[in-house]
Every structure is written in C-alpha cells, then in structure tokens.
Amino acid sequence: MPTPPAPWSVFALDVGDGHQLHVEQSGAPDGLPVICLHGGPGSGMSAGHRQFFDATRYHIIQFDQRGCGSSTPRGGLEHNTTAHLVADIERIRQHLGIDHWLVFGGSWGATLAIAYVAAHRSACLGAILRGVFLASGDDLRRFFDDSHHHAPAIHARLAALAPPGARSKLANWLPAALLTARPKEQAALTTAWMAWENALDNGPAAHFNPPAGDALAAAIDKYRVQAHYLHHNCFLENDWWRNAAAAMTGLPVAIVHGTQDRICHPDNARAVHTACAGSVLQLIEGCGHSPFAPAMAAALGEATGRFAEDGDFSKP
3 MPTPPAPWSV FALDVGDGHQ LHVEQSGAPD GLPVICLHGG PGSGMSAGHR
53 QFFDATRYHI IQFDQRGCGS STPRGGLEHN TTAHLVADIE RIRQHLGIDH
103 WLVFGGSWGA TLAIAYVAAH RSACLGAILR GVFLASGDDL RRFFDDSHHH
153 APAIHARLAA LAPPGARSKL ANWLPAALLT ARPKEQAALT TAWMAWENAL
203 DNGPAAHFNP PAGDALAAAI DKYRVQAHYL HHNCFLENDW WRNAAAAMTG
253 LPVAIVHGTQ DRICHPDNAR AVHTACAGSV LQLIEGCGHS PFAPAMAAAL
303 GEATGRFAED GDFSKP
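Going by this note's numbering, the sequence shown runs without a break in its numbering and finishes at 318.
In case anyone wonders, no lab produced these hints; they're calculated from the structure.
The C-beta atom is built at its ideal place from N, Cα and C for all residues, glycine as well.
You may find that some hints are simply not true.
Said to hold, decoys possible - Derived Cβ-Cβ restraints for the label pairs, each shown as a range:
1) Gly215 - Ala168: 43 to 53 Å
2) Asn240 - Pro212: 29 to 39 Å
3) Asp216 - Ser124: 38 to 48 Å
4) Asp140 - Ser11: 32 to 42 Å
5) Arg272 - Asp203: 51 to 61 Å
6) Pro154 - Ala190: 15 to 25 Å
7) Ser292 - His151: 32 to 42 Å
8) Ala190 - Ser124: 21 to 31 Å
9) Asp312 - Asp101: 12 to 22 Å
Start from the sequences, fold in the hints, and give me the full structure.
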C-alpha cells in the first residue's frame, strides 16, 4: 500500500456543548470527497487509514470524534452520544461545503457510517463498511465473555478484577466498572482490557506493552469513552441496524470483513448485507479485525479504487 499522504489542512471545529473536533484533510483538494470514520468508540483517527485511498483521486476527510484523540475535551463524556456524532459528521460536511461524499468506516466507524447514511442518505454517494460492529448485546458477549477460550490466561487476568459473581458476565460488568472506578482501578481495568483485546485480535502469544505515564492517561480516557458508549448500548435501540441498513438500499455499499475476526463476528457483515439489498459482501479469508493486514488492506484499496473508477462496487 502507498505511504499515507500528509494533511494539507488541520483545524478545530466548534460543535457546541463545549466540544471542539480535530479535523484533517488530505489527498486531492478537488478529488472525490470521502469521510473516514474511526473505530472504538474512543480510538481516534489514524493517518494509516489514508493509505486505502488514491491520494490523487480522493479528498480525504478525517476527524477525532467527541472526547477522542486531539478533540477537546479529551475523554469528555457529556453531550457525547451517537446522535451527537451523526450530527457532527453532517456539520463537517456543511462546514466544508461538500455536496455529496463517500462514507468509509471500520468497526465502530462502520456502526457510525450506517447510522449516518440512514439519517443523511441524500448527502451520500455510497458506503464502504469494514469489520462491522452492530453495537448489540451479542457483540459484547462474544468479545468479553464467549471468546475466553482463545486466550484463557489473559482473559482470566481481566476477569480476576471483577467480583466473583461477575467474572462470567464481563460484558455487563466491565463498562460500568471502568466509569465508576477510582484512578488506580481505572488504570488496572484499562490495561487488562487492552491486553485482552490485543490477545483476541493478534493471538495469545502476541506481544503487549502496557502503557505508562501520559500514554496510560490517554488510554484511560479512550477506554472510558468506549465504556460510556457500551454501558449505554451505544445510545441505539435494539436491532436499530436493520432499518438503518435497509435505508441504504439503492446506494452503492461494499462490506468487507475478515473470516477470522474475533473482535466483530463475520455474521454481522452477513446480516447487514442481507438487510441492505444490492450491497456487495467480501469476506477476506484468514484475516482478523485489523484493516492493515495485507489481504484486508488490499481489499479496501481495491474497493475505493473501484468506486473512484465506476461509482459503484458491482463490477469485478
């Protein structure tokens, strides 16, 4: 994949409620506009995501969501819901004077992409969804509880931080615990959560370097934002995605998901594909959740290339 282009515009956008969003633009100023939505919730934007777009053809817009990355206040939870984020995306589009754009999102970014396109379909050229997260109870149970056998020792260290009665129901216990814990406990919970996520995505033998100092403080803020969303069911109704995905029918929609994704199950991608008639589903054999695995990165680059060329994803 090509080296990600450097941004040619970086600015702060005041969206009210005391929040300012960090926004970056890169690629071709007169190119095909694409809004690239980061995951988490709480992760913050990644310059690496720019490599999935031809910088001579795409005008790439990225931002740190409320409370994330370089947006302020970092870790801010008030006035921070999915509805706020959907409104923020639309505010960025209007601020930049963009009529229509492609929407690209992975993991939580795919959740947000579906919600945004359903709410603002007329502003959207299409969507690319990667590693789909549906913000469902099944998603959380699979991640926190049902996958314990993939790295039992690492999962046991996370579970040991919970009261005995909650150790088999971390999906219910952990988000609320992180939000209400004292600073020392927040650090322990955050580090153990990160180690579990790393093991689940990269394998139990994968190296994990616990953060310290400023990096630990930033990680706690990130995971508190994530806990805030998960504790509130991401501020979405049960099965919200069915009508939202159906609302995207008729737009070009590509869904790309790894067959070995243990963070977000491939069944999520299949479900959205079924609900969104005419969407194109590509399951990438042997890939997990990371967008940067060679086969996954290649598939994403091919999808954005096809869209820039043809305006859809139906042609091989």
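Structure-based check of all given hints:
| no. | hint | verdict |
| --- | --- | --- |
| 1 | Gly215 - Ala168: 43 to 53 Å | violated, 30 Å |
| 2 | Asn240 - Pro212: 29 to 39 Å | holds, 36 Å |
| 3 | Asp216 - Ser124: 38 to 48 Å | holds, 43 Å |
| 4 | Asp140 - Ser11: 32 to 42 Å | holds, 40 Å |
| 5 | Arg272 - Asp203: 51 to 61 Å | violated, 20 Å |
| 6 | Pro154 - Ala190: 15 to 25 Å | holds, 19 Å |
| 7 | Ser292 - His151: 32 to 42 Å | violated, 21 Å |
| 8 | Ala190 - Ser124: 21 to 31 Å | violated, 47 Å |
| 9 | Asp312 - Asp101: 12 to 22 Å | holds, 20 Å |
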